[in-house]
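So the protein sequences, as listed, match chains A and B.
In this text, residue positions in the first sequence follow the working numbering: the first is 1, and each later residue adds one.
In this text, residue positions in the second sequence follow the working numbering: the first is 1, and each later residue adds one.
Since no wrong hints were added, every one of them can be taken at face value.
Covered stretches of chain A (chain B as the covering partner; in silico rule of three or more C-beta atoms under 8 Å from a C-beta of chain B):
hint, region
1, 76 to 89
2, 121 to 133
3, 200 to 209
None of these hints come from the bench; they were simulated from the model.
The structure displayed is predicted, hence computed values, not measured ones.
A virtual CB, placed ideally from N, CA and C, is assigned to each residue, including glycine.
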Amino acid sequence: MSEAAAVSGAAAPDRRDLWPLWRAAYAQGDPLPKFTCAASRPTYRFDEGEALPEEYKSLLIKMLRHEGERAGNKSFLGFMATCLDLAEGLFPTAEARLLKAEYLAEELKHAIMFHRVAVGLDRDFALRDVPYAHYAFHLPRETWADDAFFHFLVDLNGAFHARDWRESSYVPLAKIAATVERDELGHSEMGYVFLREICAEPRGRQLAQALLAKWYPAALDMFGRSDSPNVPKFIRWGLKAVGNAEIRQAYKAYVDRKLEALGLDVPAESAGRRFL
Amino acid sequence: MPSEGVVQEIREAYATVGIRLDQPATYGTYYRLLCEACGRMVGNVGDRLLPGMAREIVDAQRPLYAAGLLGCPCGHQRDRAGSPGPPAGARS
Chain A
1 MSEAAAVSGA AAPDRRDLWP LWRAAYAQGD PLPKFTCAAS RPTYRFDEGE ALPEEYKSLL
61 IKMLRHEGER AGNKSFLGFM ATCLDLAEGL FPTAEARLLK AEYLAEELKH AIMFHRVAVG
121 LDRDFALRDV PYAHYAFHLP RETWADDAFF HFLVDLNGAF HARDWRESSY VPLAKIAATV
181 ERDELGHSEM GYVFLREICA EPRGRQLAQA LLAKWYPAAL DMFGRSDSPN VPKFIRWGLK
241 AVGNAEIRQA YKAYVDRKLE ALGLDVPAES AGRRFL
Chain B
1 MPSEGVVQEI REAYATVGIR LDQPATYGTY YRLLCEACGR MVGNVGDRLL PGMAREIVDA
61 QRPLYAAGLL GCPCGHQRDR AGSPGPPAGA RS
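If we strip away everything but chain A, and leave its shape as in the complex, we get (with noise of 0.2 Å):
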């Protein structure tokens, strides 16, 4: 098989139906809410090679070590074999296994690509080793239900933040973020998915609703404390367009919404929340 066969296969009529998700998102109208910058956007942009302010390069190594999605990081691939675990040990369905097996490769594709960014920003950076400081990505996961969730809230979290990097003042992470948006778009509702599916039983509902209070606290803790202190930094170099506490809100109207579909009973905002 040729290398272009290869990577169209994903695309396959065979496999049309369950891959890429976003495809059927994105078709129905723009999933995501759009963020306007309070604040007058800089008019500059930097592109690789520019030399760039210290301030601004250190924001957005910062940024990109919470990404953490890049093929010299260890962790982040050490992370994505705990996902190769779970399809392994706990897959439901063949299918189930199958659309696993197409996420872990979108996901490695975006190692390549944040890869390269950093490569062009940093050289010692693209060799970095960083761990996920987030808890998030520590739960326990020990069933179906939540790896799913991981799926449904924490990449949803990733396509938040991809949609707000498209005016990004940086051109390299600006000229990715559609594509990292849709791919992760696709990848939470492949955790949606497998939910309707969970929650299609009732004990499968009872499962998924006792899960959601361990995963919605991390989930909305993900976007950081409301006031913190660089927020305004990342805005001024239009590194951000909008604050934590405003793209944390637009992300649990979308969240609550599609929960409320399945039947859950959607948990205090407040409740089990380290981060507020």
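Here the structure of chain A is known, so what remains is to put chain B in place on it, guided by the hints.
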């Protein structure tokens, strides 16, 4: 940085429901959760949970193990969670 104390907390919390931590997987950071009775992998967990979180999670999940909604198909966690057992935090 991961705290050895947090990993120990995780180990102790899961011991109360008959689950043990394997060695760190791949490049560290993540641990497989294994059924204490039959050795089957029942999930995984990372070492950046916040202090006290592992115990909270396992305690909250105890009814799910007892109901057979979580845990190994061999039934070991269902049996352990259904019995009084040692309190969370006690060494197994």
